[in-house]
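2 protein chains.
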Amino acid sequence: MTPPNPPGRFRVGLLGNGTVGSALAALLPEHADRIEVRTGLRPELTGILTRSSGDFDDLLERSDLIVELIGGIEPAREYVLRAMRAGRHVVTANKQLLSQHGEELWDTARELGVQLRFEGAVAGVVPVIRVLQESLAGATIDRVHGIVNGTTNFILTEMARTGATFSEALAEAQRLGFAEADPAEDVDGRDAAAKMAILARLAFDTPVRLDQVRYEGIEHIKPDDLEYARELGLGLKLIGTAERIGGGLSVRVHPAFLYPGHPLASVSGPFNAVTVESEAITEITMSGPGAGGPQTASAVLGDVISAMIPPASTPETTQALKLVQDVVSAFYLHLEVADEPGVLAQVAQLLAEQGVSVKSVVQKGMRDQARLVMVVHPVLESRFSGAMKLIADLAVLRAPPRAIRVLEEEFG
Amino acid sequence: MTPPNPPGRFRVGLLGNGTVGSALAALLPEHADRIEVRTGLRPELTGILTRSSGDFDDLLERSDLIVELIGGIEPAREYVLRAMRAGRHVVTANKQLLSQHGEELWDTARELGVQLRFEGAVAGVVPVIRVLQESLAGATIDRVHGIVNGTTNFILTEMARTGATFSEALAEAQRLGFAEADPAEDVDGRDAAAKMAILARLAFDTPVRLDQVRYEGIEHIKPDDLEYARELGLGLKLIGTAERIGGGLSVRVHPAFLYPGHPLASVSGPFNAVTVESEAITEITMSGPGAGGPQTASAVLGDVISAMIPPASTPETTQALKLVQDVVSAFYLHLEVADEPGVLAQVAQLLAEQGVSVKSVVQKGMRDQARLVMVVHPVLESRFSGAMKLIADLAVLRAPPRAIRVLEEEFG
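Residue numbers (our numbering), protein chains in the order written: chain A, 105 to 516; chain B, 105 to 516.
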């Protein structure tokens, strides 16, 4: 259906130049080489239409695929429909549009045999749309639980962490860029409701519109609630739910307490996460940053690449990185030593000589010997092994030293 | 490339009839109706080849796609190559084969334009292969961390929970079906190393063979290590890592302690999880059951369906479930009441009359009033609302009652 494009090129027309649009415009040329190797086609941006500049018909004429990041209902809806009717694939991140006019758009895409992809519309780069549509196409889904609004999750995390009121935590979220100047749709649950309408549609093959989703926000949550809940062992999240109930379907968004073992309980700050439950698969949980220009643009770019190629083939190896064997690790070190003065000093001295720096120590006496348990800061493994060999030779050692790596959290 | 199949049918030939194979043979007819609606083609099993029965050429002739679940290197490798050379798509869950002969197979698939899909080879139903190949095709990946062996994760979870030795926890895992009779490849890290070789290949477009992955198992872990680590706030996992290091690539598997905030720290029991890190996207974490017949079969079926259809279109709504509004929830209930005798009794009486059952109560006096915080067992929301209205009218109430839902963990 796509009109013949210039040989070797794949022309992307962009609608919208906000946070996500400008991030995509930067990402596309940066990855053009790799995408060309992968797909055989070189993606190029043919133009950017904004609300104030550009001509849609002209952009459409010169594009193989339209990325809609203009937001809202109109003219986004009209542009998406016109692009598909002209045989173009469309990638969008517009949750309002899909949760209110999804069936019209999906019907059109199916009838015309064009692709309409929308990973960026729900939970940013968390690949929940693709997983529901493709990985789980063969599973009967019972329930989807999601933390699909990063603003509210940040606010609730702050309230729990610092005892702040809702207003104080919202102000902090705004200061850090995790809440918009007008946060109404985020904090009242409507944004999450739109996303759950889309997830419910995909998980249960049932048409679900935003106005059919019951939602409640977090404005009324008091610091007290979080304090008492902690005593009961509970954490608070804004949870979207879509689940089968007695032959029907319930889709709703509301704050809910979670027990510590719940797969969503540990999702904190601006992160999003979605758990999909099915009798056959038990459950899958996916989490990651739920918003942000570069993150959502990365999801959009994944959709663009998918539209460029026939179903995944594993590309040729292009990088052929050299395989490295000696790496940097932090270590836990367990020593059984004689309980006599100066042992810790001897061990510490040997470590220091090899450039191994101690982060924490626990020492416990046991009759005539002691256990010395340390965590050391990250160091090249060969240096740590060198120190271990020297320590093993110490006269005060009562058993071979034991070491286990420690993974430090670098992101997030 | 696929030979003309009978109109409306998609013929699947199955190699192997073990745990996953027999689960797939059950799953396919069960989902045939839904798959036909989704793809326009009705999948049917044309036959099952085992090591002792069936003729491969005959099966190949009558199949549009071959599912290889026979395991090991030969004859699996030969079958997969012959199927692709005959123009058939192939779905496999064979990590040994891919980690030792992957390039040969991927090259063949690419050259012949057939699909070779293998979601089931790594982390069962956790969709890490598809996410790396498709969702993240536009991201530069810096690191992949994975808990990709459920047997070892179960053993380490048991050792931490009960203080058991490695041998005791292994015996328990075998008793519960989470470890095989010969657990050598699981506990020595080789199984995880094969999976990390595959993930590293996909994440970094670099050829990685199993024999290039450095691995260490968990046989030498002592209960002591876990006990001291707990004092230091650490949990122990068998971690596979593939990461860029100074222009090279390190791929390795070893036990490692994790700080509590690490996205993999809360993955317990036989679950698998993979975290993908990239500067642009921060990180995505995916978790779920890492093995099991029905779970892995579900991943295989997702691959089969993907091979049946052109890139995802959103199928027509087929179920049109009725949207349900009144659902069952557990609740947290926060009441500010007069601090006088009989208040708890009054509240408890009203709840009981509405069929609301109390799970836990915290009561605190504050000068002349008290706070009563309860969690109630799951109940139809309309009944709970009824009880709330009656409670709000009690003379002893000093502020409107506050209620927040509590999510209980049902799976896992």
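One should not assume that every hint holds.
In this list, chains with the same sequence are indistinguishable; a pair is considered to hold if it fits within one copy or across any two.
Unchecked claim - Straight-line distance between alpha carbons at most 30 Å, and here's what the computed DSSO-like set of lysine-lysine pairs gives: (1) 493 x 463; (2) 426 x 468; (3) 326 x 493; (4) 468 x 326; (5) 463 x 326; (6) 326 x 426; (7) 493 x 426; (8) 493 x 468.
Derived from the structure by calculation, the hints contain no laboratory data.
For each hint, the structure was consulted:
In this assembly of identical chains, the alpha carbons of residue 493 and residue 463 lie at most 30 Å apart only when taken from the same copy (20 Å versus 56 Å across copies). Taking the shortest Cα distances, residue 426 and residue 468 never come within 30 Å of each other, neither inside one copy (44 Å) nor across copies (63 Å). In this homomeric assembly, residue 326 and residue 493 come within 30 Å of each other (Cα to Cα) only across copies, at 20 Å, whereas the closest approach inside a single copy is 56 Å. In this homomeric assembly, residue 468 and residue 326 come within 30 Å of each other (Cα to Cα) only across copies, at 17 Å, whereas the closest approach inside a single copy is 44 Å.
Proximity of residue 463 and residue 326 under a CA criterion of 30 Å is satisfied inter-copy only: 22 Å between copies versus 39 Å inside one chain copy. For the identical chains of this complex, residue 326 and residue 426 are neighbours neither inside a copy (54 Å) nor across copies (35 Å), given an alpha-carbon limit of 30 Å. In this assembly of identical chains, the alpha carbons of residue 493 and residue 426 lie at most 30 Å apart only when taken from the same copy (28 Å versus 68 Å across copies). In the homo-oligomer, the alpha carbons of residue 493 and residue 468 lie at most 30 Å apart inside one protomer (23 Å), although the nearest pairing across protomers, at 58 Å, exceeds that limit.
Of the numbered hints listed earlier, those contradicted by the structure are 2 and 6.
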